[in-house]
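Two chains, two separate frames, one set of hints: put the complex together.
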Amino acid sequence: MIRPRQIREPTRNLEIILLLAAVFAPFALWMPLWVSGSFLALLGLRAWLELSQRPLPSRPWRILLALAGLAAVFAAWGGPFGLRPGSALFLLMIALKSFEQNSARDREMTVLLCCFLPLAGTLFSQSLGLFLYNLLLLGTVLFILQRLQRGSATAGQVLARTGRLLVQALPLAAVLFLLFPRVGGGLLSLTPSAQTAYTGLSQTLAPGDVAHLATSREVAFRVKFQKGIPDQEELYWRSLVLTRYDGSRWRVAEDLAAPPAPVEPRGNIAEYRVDLQPTGRKYLPALDLPLAAPEDAQMRQGYSLHRKEKVTSRIQYGLRSATRYSTAAPRSDVREAALEIEERANPRTQALVRRLERETSGPRELVDAVMHRFAEGEYLYTRNPPLLREEDPVDHFLFQTKQGFCGHYAQALAWAARAAGIPARVVTGYLGGTRNPLGDYWILRQSDAHAWVEVYFSGAGWVRKDPTRSLSPDQIVSGEQGDTTAADELEGGPRPRGGLLERALGYAGLAWDAAYFGWNYWVLGFTQERQLNLLARLRLGDSLEQALPRATLLLTFLFLAFMLILMAALLGRRRGEDGIARAYTRFLKKLRRAGIEPRSCEGPLSLDRRIEAERPDLSPACRKILQEYIELRYAGQGDRNTLRSLRRRVRRFSPPSRLRGGQLKI
Amino acid sequence: MRFPGLRLLLFGAPRSASSVHLGHRRIFILPTRLGMWFGFLLLAMLFTAMNYQNNLAYALTFLAVSAALTSALHTYANLAGITLSPGTPPPVFAGQGAGFPVRLTEQRGVPRLAVEIGAVGAEVQSLDIPPSGGTSAWPGLPTQARGILPSPELVVRTRHPLGLFQAWSKMRFSEDCLVYPRPAPEAEESGVLRPEGPGIRRKWNATGEEDLDSLREYRSGESYKRIDWKAYARGRGLVSKQFSGADRASVWLDFEALPEVGVEARLALLARMILDQEEAGTMYGLKLPGSSLAPDSGPEHMHACLAELALFQPSEQEREETT
Numbered sequence: 001m002i003r004p005r006q007i008r009e010p011t012r013n014l015e016i017i018l019l020l021a022a023v024f025a026p027f028a029l030w031m032p033l034w035v036s037g038s039f040l041a042l043l044g045l046r047a048w049l050e051l052s053q054r055p056l057p058s059r060p061w062r063i064l065l066a067l068a069g070l071a072a073v074f075a076a077w078g079g080p081f082g083l084r085p086g087s088a089l090f091l092l093m094i095a096l097k098s099f100e101q102n103s104a105r106d107r108e109m110t111v112l113l114c115c116f117l118p119l120a121g122t123l124f125s126q127s128l129g130l131f132l133y134n135l136l137l138l139g140t141v142l143f144i145l146q147r148l149q150r151g152s153a154t155a156g157q158v159l160a161r162t163g164r165l166l167v168q169a170l171p172l173a174a175v176l177f178l179l180f181p182r183v184g185g186g187l188l189s190l191t192p193s194a195q196t197a198y199t200g201l202s203q204t205l206a207p208g209d210v211a212h213l214a215t216s217r218e219v220a221f222r223v224k225f226q227k228g229i230p231d232q233e234e235l236y237w238r239s240l241v242l243t244r245y246d247g248s249r250w251r252v253a254e255d256l257a258a259p260p261a262p263v264e265p266r267g268n269i270a271e272y273r274v275d276l277q278p279t280g281r282k283y284l285p286a287l288d289l290p291l292a293a294p295e296d297a298q299m300r301q302g303y304s305l306h307r308k309e310k311v312t313s314r315i316q317y318g319l320r321s322a323t324r325y326s327t328a329a330p331r332s333d334v335r336e337a338a339l340e341i342e343e344r345a346n347p348r349t350q351a352l353v354r355r356l357e358r359e360t361s362g363p364r365e366l367v368d369a370v371m372h373r374f375a376e377g378e379y380l381y382t383r384n385p386p387l388l389r390e391e392d393p394v395d396h397f398l399f400q401t402k403q404g405f406c407g408h409y410a411q412a413l414a415w416a417a418r419a420a421g422i423p424a425r426v427v428t429g430y431l432g433g434t435r436n437p438l439g440d441y442w443i444l445r446q447s448d449a450h451a452w453v454e455v456y457f458s459g460a461g462w463v464r465k466d467p468t469r470s471l472s473p474d475q476i477v478s479g480e481q482g483d484t485t486a487a488d489e490l491e492g493g494p495r496p497r498g499g500l501l502e503r504a505l506g507y508a509g510l511a512w513d514a515a516y517f518g519w520n521y522w523v524l525g526f527t528q529e530r531q532l533n534l535l536a537r538l539r540l541g542d543s544l545e546q547a548l549p550r551a552t553l554l555l556t557f558l559f560l561a562f563m564l565i566l567m568a569a570l571l572g573r574r575r576g577e578d579g580i581a582r583a584y585t586r587f588l589k590k591l592r593r594a595g596i597e598p599r600s601c602e603g604p605l606s607l608d609r610r611i612e613a614e615r616p617d618l619s620p621a622c623r624k625i626l627q628e629y630i631e632l633r634y635a636g637q638g639d640r641n642t643l644r645s646l647r648r649r650v651r652r653f654s655p656p657s658r659l660r661g662g663q664l665k666i
Numbered sequence: 001m002r003f004p005g006l007r008l009l010l011f012g013a014p015r016s017a018s019s020v021h022l023g024h025r026r027i028f029i030l031p032t033r034l035g036m037w038f039g040f041l042l043l044a045m046l047f048t049a050m051n052y053q054n055n056l057a058y059a060l061t062f063l064a065v066s067a068a069l070t071s072a073l074h075t076y077a078n079l080a081g082i083t084l085s086p087g088t089p090p091p092v093f094a095g096q097g098a099g100f101p102v103r104l105t106e107q108r109g110v111p112r113l114a115v116e117i118g119a120v121g122a123e124v125q126s127l128d129i130p131p132s133g134g135t136s137a138w139p140g141l142p143t144q145a146r147g148i149l150p151s152p153e154l155v156v157r158t159r160h161p162l163g164l165f166q167a168w169s170k171m172r173f174s175e176d177c178l179v180y181p182r183p184a185p186e187a188e189e190s191g192v193l194r195p196e197g198p199g200i201r202r203k204w205n206a207t208g209e210e211d212l213d214s215l216r217e218y219r220s221g222e223s224y225k226r227i228d229w230k231a232y233a234r235g236r237g238l239v240s241k242q243f244s245g246a247d248r249a250s251v252w253l254d255f256e257a258l259p260e261v262g263v264e265a266r267l268a269l270l271a272r273m274i275l276d277q278e279e280a281g282t283m284y285g286l287k288l289p290g291s292s293l294a295p296d297s298g299p300e301h302m303h304a305c306l307a308e309l310a311l312f313q314p315s316e317q318e319r320e321e322t323t
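Chains as they are written, first to last, in this note's numbering: chain W, 1 to 666; chain P, 1 to 323.
In isolation and in its complexed conformation, chain P is listed as follows (with noise of 0.2 angstroms):
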């Protein structure tokens, strides 16, 4: 890397797992379109003066132009330094915004004001990072097909103080986002997912209604919802509520079974039904052509049957069906 920054310049920021720290090889600057005017302003200054030949005018030139110049330094003082460390994007439904968490610190121990930053092509937000600590930011990128959605090229730059000068600096960091398929419609509606309609076998139906019957610890991993929250005010630690019922029961939610409605459609029911069934708290299974994940509920089973439909990959026959 003999010219790091004007790689950077020509091919763009290669992508890095770790932080980044903006020094001289990565930061840019350049007069800004004000900036350029204000230089003619300054031309027309200078030409003037020289023209009476009057000291005062020189005077004021002089000052106005190091006045620019100065500012410029303090443009690149205000980006220079600044560190910017990868979180990792949650994931998101298709259609959702998806946003790439950056952490900014500083460590010089000044403000670092009216920093932007963003996705190259994608809304800008300005921040402020206080001295000697940091800020989070969210450039975001929309999304529209499920799949792994690369974290795309951001840009930090500032303008400040004056805004007759930016600086810039680019980067790609290597936390991609991953993109769930778009949801179905409410499942009643679609008329498609009935609690028996096709894509759901119930391998064993609940026998009558869900009783409470017993309560154990809390195991990472169980839904939210079987948490007895009143034992937990009552200060009885962590406990979840076991049903009778649904403790036995589990379903199965297939691909196969769907009607052929194309992939992607039939992946839109299936992730509205994961997201029926972790509402209702019943244990799923999911079968995919190719792979099936055993039934249990969750959180992280949702989160691990929803990134499968994700990367779902379809073999040439079920593409064909989508066209």
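One chain only, chain W, in its complex shape (with noise of 0.2 angstroms):
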């Protein structure tokens, strides 16, 4: 009796230590000196240990070993929390766990772990590069698993197969990526704090602040409006209201107390949804000006909104603003504080403000005669103005430089406003936005940036004034848009000239960062609004709460279709698979249904013995069909035309049913 061979069960425990280094190579960027000479000594042991084919320590040294390094995170991290310590703990606990390999399930868990690395890996670091290599150490894994399982292929054959399941696994992968819906983020508040640079607007304004924002496309919120959308020029959204002036900056003051006075709406009131990006600070914008605060901010002196926490993921919140509005008097010393300069400072812009008092008949004049100044003079609006002088700087700007952007127009107006005896403060937020017309809603990018006066008018309240506005357009240095970006060099450069290897080596660069460029845009960029863009395009409709449903849906069908097709083609038949074979197994089938049940272990011959012997009434038809076959077969003789006889025979073989009982016997 020959019995098959068991095929032992591989160990695979050197693939195992090779993944394991690999996997650990990008963390080398990341993880202190200490972790990566704990992991690599680790590692090493356990190769070498594997080399010389001696025993595993036993498990109180692996306990030790373990306990060792999570007391290791605690002192240099305090906690295993967050992802530096998370990733440090995660690769000392991997190399520890290679040194358990008794059973094939061990092994197994220690390969299957190896995915979660390169997941955190991509946390560190976004680059396209490494997203590559990631790729690679998820086939690594795959390749991995398989080869531990019992079986007697060889490695490229497995190579192969984890290319093929890779490859097929990709459509369902592209699917659930484009469709699975995008939920905020900050589920565990682990989200990273402290390390990340977020941009937005600063607590205080200098000449020359805001510019570092204006070439910023980044997003720095959305708004969706529920009832009452403002005309495109009214919407100014608050930020921060600067009151304090120290002769060279504007600060918010914080030591004015809320709730600031009363607003009376006059007209039309909005009701929007704010979708606001991290900024790491505590202010919310709102449009102009908001009636209440949201649940965990204030309503500060000023009527911006202030949080209690600082703002370090994605947050929503809704708002009622009045586009229109008169305010009541505010405290005295909001009024005083509105009110300070320093008395000897620009002396040019104090004898301005004198003689404009003479000729003007009351604040709202003088305020609108500054503001025609800055329309009939020559000043120019431009990004990248001149420096101004550290005393003196209103002076320096409004009678030398003539040249700035919203930050400059308003600090001079409103110093000036107040060297006039006007309350007057500077706000900055932002202008206007982006209506998206697919997902119907507003994006405000950080180069919406913007800052305006506010000044009090007794009987009116506090009015907004924004200077920028009364420049005229041919007052702006038009193609001014700060640093030109690498991109913008690339598209409108020179073709890459020179040599031959010099010209490959340009269109190389220009493919990489094209490449870069399609990385960031389609992959990275690919955010929830990205996504809402992507439904409301596919039709799926406009709004979160409308397409996400359906989204899942189509997800759900996307998902059942990707199943059944992939299993249509795995169990379709090889193609050149011989056809011999599926007209014989045909016969076959028809034989049974007529009675004669063909034994496993009998070859054509037999058979045809065998149906002469029970029903002779067959035997010529079946003797031709199983005369061609062992020709095809056996012989190795017919062609095309004897098989395709074969298949005409066996189509046309249509013997009669089982006879009944009574009718056969023998």
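I should point out that these hints are in silico values taken from the structure, not numbers from a laboratory. The beta carbon of each residue, even a glycine, is placed where N, CA and C say it ideally should be. One should not assume that every hint holds.
Claimed, not checked - Have a look at the derived ranges for each label pair, beta carbon to beta carbon:
1. P80(W) with G95(P): 53 to 63 angstroms
2. A280(P) with Y634(W): 42 to 52 angstroms
3. F557(W) with G12(P): 31 to 41 angstroms
4. T585(W) with E264(P): 46 to 56 angstroms
5. A304(P) with E631(W): 40 to 50 angstroms
6. A280(P) with R651(W): 55 to 65 angstroms
7. R599(W) with G12(P): 23 to 33 angstroms
8. S606(W) with A304(P): 17 to 27 angstroms
9. E153(P) with A561(W): 32 to 42 angstroms
Stated by the list, open to error - Covered stretches of chain P (in silico footprint by chain W; criterion: 3 or more residues with CB under 8 angstroms from a CB of chain W, positions within the stretch not fixed):
10. 29-39
11. 52-58
12. 75-89
13. 154-166
Right, dumping it as structure tokens:
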């Protein structure tokens, strides 16, 4: 009796050690030296034990080492929570896990756990190169998992099968990536905190401050209006109100107690939700003027909203704002704060104000006259203005450089108003926004950052004055986009020239840049907003509430379709598989229906003899079929025509079904 | 049979005489323990990706999810379309392992790798099936007592390719295995069985030594020992030697004549005697209460005698003797 050889379960310990080393490699960049050192020492020890066929350390030793690793992580970070300490702990534990290789399950678990480290790696770096490396690691994990299974396949065959598996998995992965609902982050409040740099408005304003924001296309926040969409020119988004002025910088007046004077709406009230990107600060942008603060925030003096916690992840809040309003008279301390200036500074501006006071009939006319001066004088709007002097900066701007952007004009106007005894303050925030027609919401980018002025007129309250608005279009220096980006340079730059190698390198650089741009745009930048755009384009609905259920339905449908198609492909017959066997199987099936059960050990010749004995009526037809089958299969004769003839005969072979009992008696 | 799969799962596989084709109604698939762990890991990965809103983490997670699901389809496809055909299990002596031959064939034209087959509760063996080909398996069962060993419930399963899912199917064939009684130890040692001992009654003793008398054409059923292999090597075809003594010598192996040591012990003795007589090349007959087999020799006769022993149903009186 020949029994098939039992195939021994392979150990593949060396492959697992190499996998661990490969998984660790990028972490050398991010981990402190002692973590990298410990990991490599442990892995080296493991490799040495493996190569020298020495026994692995016993269980107490492993537990001791694990406790030491845990203690070290606690000592270094105070706990295992967070990206860096968590990764360090995971690395140390997986290195120790490789010492526990008693059974197939231990090995499989070690390999499986390796999946998590590439994921942690993507949180450290999002470069294209690292992502490709992580894909390679995932493939290696699948490769070794297969190698751990019993089987006689060679490494090359397993590699080919892994590749096929990954390629087959791609469509579903892409569908999941595009349609899986992107819900808000911060599920476990493990979001990266201090290290991350945020872009946004700063707490103070000095000439030139907003310039760095002007070039950033980063999204600051998004707004969806539910009711009362204001006109485009009324979209002033207030973030900070800068009342204190110390001669060089404008600051938020932290000491002025809330609440501000009451607001009386006049006309339209807008209802909307703001989806704010993390800023790392506490202010919440709101449409001028918010009527009440959201739950976890308060309204400060100056009607700016201030949150209790810093905004470190995306948050959403709903607000109501009056776009036309009048405010009651502020308290005296607020009024006084809005009048503070250094008495001897900016003499030319003071002289100008004195002259305007004589020429105009009241505060409103005076402020208008200053703004008129911006429009009539040779002022220019530019994002690259010359630097202002440290002393008398308003004089320097108003009478010498005459070039600046919103911050310069706002400060000059506010200072001039204060010099005339009119309470004034600088407001920073965002202006306008771009409506996304597909998603029906507004996007405010950092480049929309703006500064304007609020002046107090008795009777009307605080009134917004935007000096930049008074500039005419031909005063704006066109084409000024601040720093030209690398992409722009490449786009408009000359074609690569020089020798073949240089040109090739030049084009490779262009291709890499295109890939990089595509990577940022399509993969890294695929945010909830972009997902919503996609869903809207697929006609699944414009709003999150409407589109998400349908997207989930579509996802389910596509998932099932994927499974069915792949299943059909896997179960389908291989092309080129011999039609001879298929025809013969079909013939045997028909015979079975006729009451002749083919035996598994039976060749065509003995089958022929049995048919002759049991069903002589079928014998002539069957004999021809069997002869052709033998010719094709065993004699190595016959060609396409024989095969065709065999198929035809089998097709036409239709024996009467099994004879009923009593008719056939032997 | 409205829910054949459910019935198969709940009540076990019914006996089937012919071959079994593994289709979607017969194959079940579930994640393995490793697959469960992988599921937990994927959930952790997904939560991490959601927590950090990291698109690369999403991409890696989804690729891993998709690869795992794709591997489930591969696992299923590795089993689907295999045909299992039962063979006749050869009889064995009690105490030996019974083997139930099964031929696994595949027609899809792809190799089936790491397919495991075995009797439920017994050892499984792992084998590969070549594309458009077949391979044989011998799922085994240990045997203890003589009689008919019903064909066990067989399980065919695979965890190929990743080990995250296991697809399996169960079936039971109607090819039973005949188990002969375990033969008693060597006759000489047992003390009971000497050539003239009890239980062996020479009807007609052989006169003198067995001499080669003549050669005649081999008839099927005759002992292989009688074939004149030298003559066969000379190209004279299969001829069997006829011994003048042996031809007439025949013995009766009688159940009743054995000492009253219990039914199973007597059957064991008889089994030993049958083997010994067959070895010696003598003609022997078997007498059991209620049946008898005329003296003859050769493998067919030996198996017929052993089968009698295997299927022997003792009467009440004889059963009492056992107790």
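Evaluation of the provided hints:
Range check, P80(W) to G95(P): about 58 angstroms between beta-carbon atoms, so the 53 to 63 angstroms window is met. The supplied range of 42 to 52 angstroms is met by A280(P) and Y634(W), whose beta-carbon atoms lie about 44 angstroms from each other. For F557(W) and G12(P), the hinted distance range of 31 to 41 angstroms is satisfied, since their beta carbons lie about 37 angstroms from each other. The hinted window of 46 to 56 angstroms between T585(W) and E264(P) holds, with their beta carbons roughly 48 angstroms apart.
At roughly 41 angstroms, the beta-carbon separation of A304(P) and E631(W) lies within the given 40 to 50 angstroms, and the hint holds. For A280(P) and R651(W), the Cβ-Cβ distance of about 60 angstroms falls inside the hinted range of 55 to 65 angstroms, so the restraint holds. The beta-carbon spacing between R599(W) and G12(P), approximately 26 angstroms, falls within the hinted interval of 23 to 33 angstroms. With their beta carbons about 25 angstroms apart, S606(W) and A304(P) fall inside the hinted range of 17 to 27 angstroms.
Roughly 37 angstroms separates the CB atoms of E153(P) and A561(W), a value that falls within the hinted 32 to 42 angstroms. Look at the region 29-39 of chain P against chain W: 4 of its residues bring a Cβ nearer than 8 angstroms to a Cβ of that chain, three or more, so the hint holds. Evaluation of the coverage hint for the region 52-58 of chain P: fulfilled, as 7 residues show C-beta separations to chain W shorter than 8 angstroms, against a requirement of three. A stretch counts as covered by a chain when three or more of its residues have a beta carbon under 8 angstroms from one of that chain; for the region 75-89 of chain P and chain W the count is 7, and the coverage holds.
With 6 residues bearing a CB less than 8 angstroms from a CB of chain W, the region 154-166 of chain P meets the requirement of three and the coverage assertion stands.
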